[in-house]
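**Q** Required output: the full structure, derived from the provided sequences and hints.
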Amino acid sequence: MSTKGYGDTSVADIVKTAGVSRQTFYELFDSKQACFLASYDRRQGAVVGAIFKTPLTDTPLVRFASLLGTYLDVMARQPEISLLYLSGINAAGPEAAATRLKKQGQFVDGIAMVFDARTEQQLFACRTLVAAISALVINALVDDDPQALQNLHAPLVRVAARLMEVE
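Residue numbering for the sequence shown follows the working numbering, starting at 353 and increasing by one per position.
Simulated from the structure, these hints should not be mistaken for laboratory data.
For every residue, glycine included, the Cβ atom is placed at its ideal position computed from N, Cα and C.
Heads up, a few of these hints could be off.
[What the hints assert, rightly or not] Heads up, simulated SDA-like pairs for lysine to any residue below, C-alpha to C-alpha not over 25 Å straight-line:
{"no.": "1", "residue 1": "Lys455", "residue 2": "Ala500"}
{"no.": "2", "residue 1": "Lys455", "residue 2": "Glu472"}
{"no.": "3", "residue 1": "Lys455", "residue 2": "Lys368"}
{"no.": "4", "residue 1": "Lys454", "residue 2": "Ala386"}
{"no.": "5", "residue 1": "Lys368", "residue 2": "Lys405"}
{"no.": "6", "residue 1": "Lys356", "residue 2": "Asp393"}
{"no.": "7", "residue 1": "Lys356", "residue 2": "Ala450"}
{"no.": "8", "residue 1": "Lys384", "residue 2": "Lys405"}
{"no.": "9", "residue 1": "Lys356", "residue 2": "Tyr378"}
{"no.": "10", "residue 1": "Lys405", "residue 2": "Leu508"}
{"no.": "11", "residue 1": "Lys455", "residue 2": "Ala364"}
{"no.": "12", "residue 1": "Lys455", "residue 2": "Arg470"}
{"no.": "13", "residue 1": "Lys405", "residue 2": "Gln456"}
{"no.": "14", "residue 1": "Lys405", "residue 2": "Asn442"}
{"no.": "15", "residue 1": "Lys356", "residue 2": "Leu488"}
{"no.": "16", "residue 1": "Lys454", "residue 2": "Gly357"}
{"no.": "17", "residue 1": "Lys356", "residue 2": "Glu472"}
{"no.": "18", "residue 1": "Lys384", "residue 2": "Asp360"}
{"no.": "19", "residue 1": "Lys405", "residue 2": "Gly457"}
{"no.": "20", "residue 1": "Lys454", "residue 2": "Asp410"}
{"no.": "21", "residue 1": "Lys356", "residue 2": "Asp425"}
{"no.": "22", "residue 1": "Lys356", "residue 2": "Thr451"}
{"no.": "23", "residue 1": "Lys356", "residue 2": "Ala448"}
{"no.": "24", "residue 1": "Lys455", "residue 2": "Ser486"}
{"no.": "25", "residue 1": "Lys405", "residue 2": "Pro498"}
{"no.": "26", "residue 1": "Lys454", "residue 2": "Glu432"}
{"no.": "27", "residue 1": "Lys356", "residue 2": "Asn442"}
{"no.": "28", "residue 1": "Lys455", "residue 2": "Leu515"}
{"no.": "29", "residue 1": "Lys455", "residue 2": "Glu432"}
[Unchecked claim] If you anchor each label on the Cβ, the simulated ranges turn out as follows:
{"no.": "30", "residue 1": "Glu447", "residue 2": "Ala506", "range": "35 to 41 Å"}
{"no.": "31", "residue 1": "Met465", "residue 2": "Asp360", "range": "36 to 42 Å"}
{"no.": "32", "residue 1": "Glu517", "residue 2": "Asp495", "range": "29 to 35 Å"}
{"no.": "33", "residue 1": "His505", "residue 2": "Gln430", "range": "17 to 23 Å"}
**A** In structure tokens, the structure reads:
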């Protein structure tokens with residue numbers, strides 16, 4: 353799917369690439385969508401796990417900068433897969449969109465924890481920050497420019513400082 357996209361990938365493509373029979377595929381998954389969602393869930397769980405290993409020491413902005421750096425590194429390691437899961441998920445239907453929103457909510461919760469955001473204004477700032485990060489990362493991935501991902505770090509840290517009103 354990272355090569356052909358969700359819509360243009362068939363179950364035949366998946367079983368060929370995975371080296372399993374069609375029967376084995378259907379023993380594990382009900383559909384291409386179920387396979388995609390299981391893979392998405394596993395990948396996003398790993399991403400969330402990696403970025404929120406940031407120690408709860410230092411200032412919130414330093415913790416955010418570290419967390420963001422890890423996230424950008426993870427996205428740059430497998431850009432095709434990152435793009436598939438960030439933007440291709442929209443082609444997988446409403447259930448996939450709901451799953452993406454849930455996972456994005458985990459990022460928002462993590463950012464809120466880093467900044468100790470509690471008020472509705474602070475939580476909105478966290479949602480805004482996560483949405484901006486997602487959109488900018490998708491743009492860099494579409495442009496197929498790994499350095500562009502890394503170039504997002506400093507400006508996004510500055511934006512976070514302004515949104516969260518921290519130094």
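**Q** All hints are to be evaluated individually against the structure, with a verdict given for each.
**A** Against the structure, the hints come out as follows:
1. Lys455 x Ala500: holds (24 Å)
2. Lys455 x Glu472: holds (20 Å)
3. Lys455 x Lys368: violated (29 Å)
4. Lys454 x Ala386: holds (16 Å)
5. Lys368 x Lys405: violated (36 Å)
6. Lys356 x Asp393: holds (20 Å)
7. Lys356 x Ala450: holds (23 Å)
8. Lys384 x Lys405: violated (32 Å)
9. Lys356 x Tyr378: Roughly 21 Å between the alpha carbons, so the hint for Lys356 and Tyr378 holds.
10. Lys405 x Leu508: holds (20 Å)
11. Lys455 x Ala364: violated (28 Å)
12. Lys455 x Arg470: holds (20 Å)
13. Lys405 x Gln456: holds (17 Å)
14. Lys405 x Asn442: Violated, because 28 Å separates the two Cα atoms, which is more than 25 Å.
15. Lys356 x Leu488: holds (22 Å)
16. Lys454 x Gly357: Given pair Lys454, Gly357 holds - Cα atoms ~22 Å apart, limit 25 Å.
17. Lys356 x Glu472: With a Cα-Cα distance of about 41 Å, the restraint between Lys356 and Glu472 is violated, given a limit of 25 Å.
18. Lys384 x Asp360: OK: Lys384 and Asp360 at ~11 Å, within 25 Å.
19. Lys405 x Gly457: holds (17 Å)
20. Lys454 x Asp410: violated (28 Å)
21. Lys356 x Asp425: holds (23 Å)
22. Lys356 x Thr451: Since the Cα atoms of Lys356 and Thr451 sit roughly 21 Å apart, the hinted pair holds (cutoff 25 Å).
23. Lys356 x Ala448: holds (18 Å)
24. Lys455 x Ser486: holds (12 Å)
25. Lys405 x Pro498: holds (23 Å)
26. Lys454 x Glu432: Distance ~22 Å between Lys454 and Glu432 Cα, so the pair holds.
27. Lys356 x Asn442: holds (15 Å)
28. Lys455 x Leu515: Judged against 25 Å, a Cα distance of about 22 Å means the pair holds.
29. Lys455 x Glu432: holds (19 Å)
30. Glu447 x Ala506: 35 to 41 Å: The hinted range 35 to 41 Å holds for Glu447 and Ala506, with Cβ atoms some 37 Å apart.
31. Met465 x Asp360: 36 to 42 Å: Cβ of Met465 to Cβ of Asp360: about 39 Å, so the range 36 to 42 Å holds.
32. Glu517 x Asp495: 29 to 35 Å: The hint (29 to 35 Å, Cβ to Cβ) holds, given that Glu517 and Asp495 are roughly 31 Å apart.
33. His505 x Gln430: 17 to 23 Å: holds (18 Å)
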